[in-house]
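Q: If you want the building blocks of each chain, they are given just below.
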Amino acid sequence: MGSLEICKTNKNGGVMEINKEDIEKSANIAKIYLTQDEISKYMIDLKNMTEEFLDTLEDLNISLDMNFDFNITSLKYTNLRQDIPDNFNNIETIYKNAPKIKNNLFVVPEILKENKK
Amino acid sequence: MLTRRGKIMYKATIGIEVHSQIKTRSKMFCSCKVEFLSAPNTNICSICMGEPGVLPHINEKAIMLAIRAALALNARINKKSIFARKNYYYPDLTKGYQITQSIPLAENGYVVINTENGEKKINIHRIHVEEDTGKLFHTNDKVSLIDFNRSGVPLLEIVTDPVIKNEKEAISYLKRLRQIIRYIDISDADMEKGQFRCEPNISVSKDDRRGIKTEVKNLNSLKAVEKAIKYEIERQINILEKGGKVIQQTMLWDEKEQVTKTMRSKEGITEYRYFKEPDLIPLIITNEMINEQKELIPELPQSKFNRLMKEYNIGVNEAEILIDNPHIANYFEKSIEKGCGIKESLGWITTDIMGILNKSEKKFSYLKITPQHLSDLYKYIENKLINMNIAKSILHKIAFTGESVDKYIKSKNLIQITDTKSIEKIIDEVLEENPTEVKRYLEGNNKLFGFFVGQAMKKMGGKANPGIVNKLLKDILNRR
Amino acid sequence: MNNIELITNGSIKEIREAVINRKLYTTELVNFFIQRIKNNKINSFISLYEDDALKRAEELDKKLKNCEKPGKLFGIPYAVKDNIAVKGYEVTCASKMLKNYKATYNATVINKLNDEDAIFLGKTNLDEFAMGSSTETSYFGTTLNPWDNNRVPGGSSGGSAAAIASRESVFALGSDTGGSIRQPAAFCGVTGLKATYGFVSRFGLVAFASSLDQVGPIGRSAEDLELIFSIISGFDEKDTTTKKIENYKVSEPTKRKFNIAYTNDIFGEEISPDIKNNILSILNLLKKEGHSISEVAFNFSKHSVPVYQILSCSEASSNLARYDGIRYGYQTKSYKSLLDLYNRSRGEGFGEEVKRRILFGTYILMAKNNALYTSSFKVSRLIRENLENIFTEYDVFITPTTFSPPFKIGEIIDDPIKMHHSDAFTSICNLSGNPGISIPLGLTDNNLPIGMQIIAKRFDENNLFQFAKYIQSITDYHKCLPEGVK
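Protein chains in written order, with the numbering used here: chain A, 1155 to 1271; chain B, -15 to 464; chain C, 463 to 948.
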């Protein structure tokens, strides 16, 4: 898994400083083209939202960190499916919904060799 | 392995990540069929296509097989493991994230391999289940085509600690791992079919600090893995020698040019934004599930290796060949059970049968010779009714017909000629026909003895007992 | 009651009985609503399927003639929020991204309703991808509040709530992630339920925030909602987050006295006086009837929204990653590369609010910021524990549904903080998993509906409904209809 850092609560701290690059990077990762206006607007909104949240944590005396035990649930059952293959009878509709499909293969712009996984 | 460059010794540190497809009939999170050669996009549904509103539903068999693998790899099974989302964009990834595990199904296992310095334990850091992606096909038309049949097929990810020292160890590990996977029948682990994928992580350094590592992808055979690791180690050493720094990145193995190449990517380190999969509850594994799988684990390769060597007193190389395929070792032992000689069976299996299969490129399951056949053949050898050469040629002939040994020998009249009188007659004929050679032999050219033997055997269609021929020829020549 | 009165004011039970006794025909019933929908000016529906609905009505009629056993919702027409999959019909999520996308399967809840012979009418309007509190972000334009067409119906299930208030359907399905059923129910003067998380299957609900989303009914009364809930709830193996629990049985009317807690938040300065006064007066009424009323300090209404935003945006950013224009949905017309295809399709296909939330979520989930996401679960757990504490002593917990009555269209659409603020009381239930119902609590001085939220212990919908039904048996608020509808 990717490297995960532990951040300490710091209302004015460096970790929570949000700038244009952060929005641009997020837009890059989320694969959404943004206009400059949108970037500026979202930057302010994001700042406000995270500040509000950090205030909440401080009010409730909760530390900002990555440790949370999701394991606590007292589950005694697991919902597992039997390994029986089944035909999904709506494949035609899946094909119909496709924006670009040729000979039952979905078509996308070519992926350059260097960017192959 | 240490590589010396001038006065400096470099050592390599390698860890390997393997993805093995799990042999289930349906996919990991939906009921679509898993089948290698289906027409494109016929084994798909709303769930594995990532349509709006769908939710994953875990395949029980996939979990059972994963438990079996964890046990066979000596790992500690986590009674509660957690699924997580690995978020990234790629056309073959239908949801825009892959469901994998953060807290894995099992941890801290190991595999034992044989090295030149004896046995070595390769530690396995973690074993977990996840789903496969669809397949991309690249055309010359400036488009790529996607087949989602493979999207959602269950995968087992096995990650070692970085304890492998060189490409030889890497291959031994991969071979052993693949054997184990086949022994416990959780996958056919066919690399060409993409059922067994290897990604080594490689770094080099002069001292105990670990160097920057790179990851190598696109390795489609064990040979490629071996070559790529060797090449990458050299490449990194060269960089360090020149005073440069190794860049942490993913490399692609170029099979044509036999080099590793940088995967051009603008993003640097990919942000996967891992978080716990909210659509799934923690996976609970019970003692019942574990015990059920324990029962299904046969004797594993390393144990079998050690046992075979001890019980049958056979060598390392032969033992390795026998254990490579779970069926071969069983085959060998059955043949001994049925009365075949150890040396003979071993030789026939490791040399002849393996040779026949390799040459015809057929799988072991195509072989029609059974352990009974070997035992029958052995009886004829033991009773000196045929010689080794004949035996070998019989194997070749009945390999894919399975004809009974008795029938075949009878029909081709292959019983060895042991009758002294007949052999003497033939020898006399040979000597008659080759007076010059006889003269030269008697003058001291001892090498011609073999020539006479060969000629005599030829006249007898190879069916004579070589030992008897040699003795009689000697006697006859001595009398001259 | 004549038929018109029955259709507009009757309960599901009464209407069904009339249909079975052939006092009312299924086709008559369906036609009534179809006409109202076609003639409405409030834009509550995105799509209407009158031919199919009438066909279904005729089939059911035949079923009746053949003396086959009628389902529990026999002949009852219903509307579905357009983020729930109904096979063969478009599920647009009020977005350009899915404008022409047809669902390839039925959501589990739809199968359950159809099995009980309910009749599907069409899809209702919502905020795009359920992200909003006013239905103003819909690609198909906002829905107007039937009580005052200059005001919002609330959101994101604004279409469904408005449809019920306008009597365009007997009941409707909505979805609730931070209050998207209860807040519009309050704004439209109708009743809306968000059940305990895990009680109703999410399979077929287009995911927004998986840990918080729930499908739920909006209707005329708690009694109606309880019947629908008993049908749509229950373990679904297709949704691993549903709980393996006994089938819900409709509660009996009760004469018992309740232990009622109410939040001291109602005395806060942000609460509109109409809301405060109406809640206080009902509390007084309950006290007079012999129930015990206690004020409790529950200081989370100011914390729930920031936490809700972090959590919901994070999960949304991942859930909406599948919309890439490759397998279905909107694909940009011209692109130069794969990257271009992604960026343009998503940039053009999504509206502003959706883009904002995806961006926030993406930012929060990045490794260096990930602690924000995990820490929000800590607050959720704290809220849950506090509520559990309250329910060791009390049967139900009362809060306002919103701070104020429905606001004007366009009034706060540019102020995301103010917009989110309206989720303060409702999002508490999504974060903790507790069930919450909003019931109408009368009108303000200028005739705008207000609502009251009742919260109960997790999986204790029984108590919740008993109490809500009780209140609706001693008051008439839920019977009020907007001027134009009467």
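Worth flagging that the hints you see were computed from the coordinates, not collected in a lab.
Hints may be right or wrong, so weigh each one.
Some, not all, of what chain A presents toward chain C, calculated at C-beta under 7 angstroms [claimed, not checked]:
{"id": "1", "residue": "S1180"}
{"id": "2", "residue": "A1184"}
{"id": "3", "residue": "K1185"}
{"id": "4", "residue": "I1193"}
{"id": "5", "residue": "M1203"}
{"id": "6", "residue": "P1239"}
{"id": "7", "residue": "N1244"}
{"id": "8", "residue": "I1248"}
{"id": "9", "residue": "I1255"}
These numbers come from a predicted model, not from an experiment.
We put the beta carbon where it would ideally sit given N, CA and C, even for glycine.
Q: Quick one: which hint numbers does this structure break? Sort them smallest to largest.
A: Hints 4, 6, 9 are the ones this structure does not satisfy, whereas the remaining hints hold.
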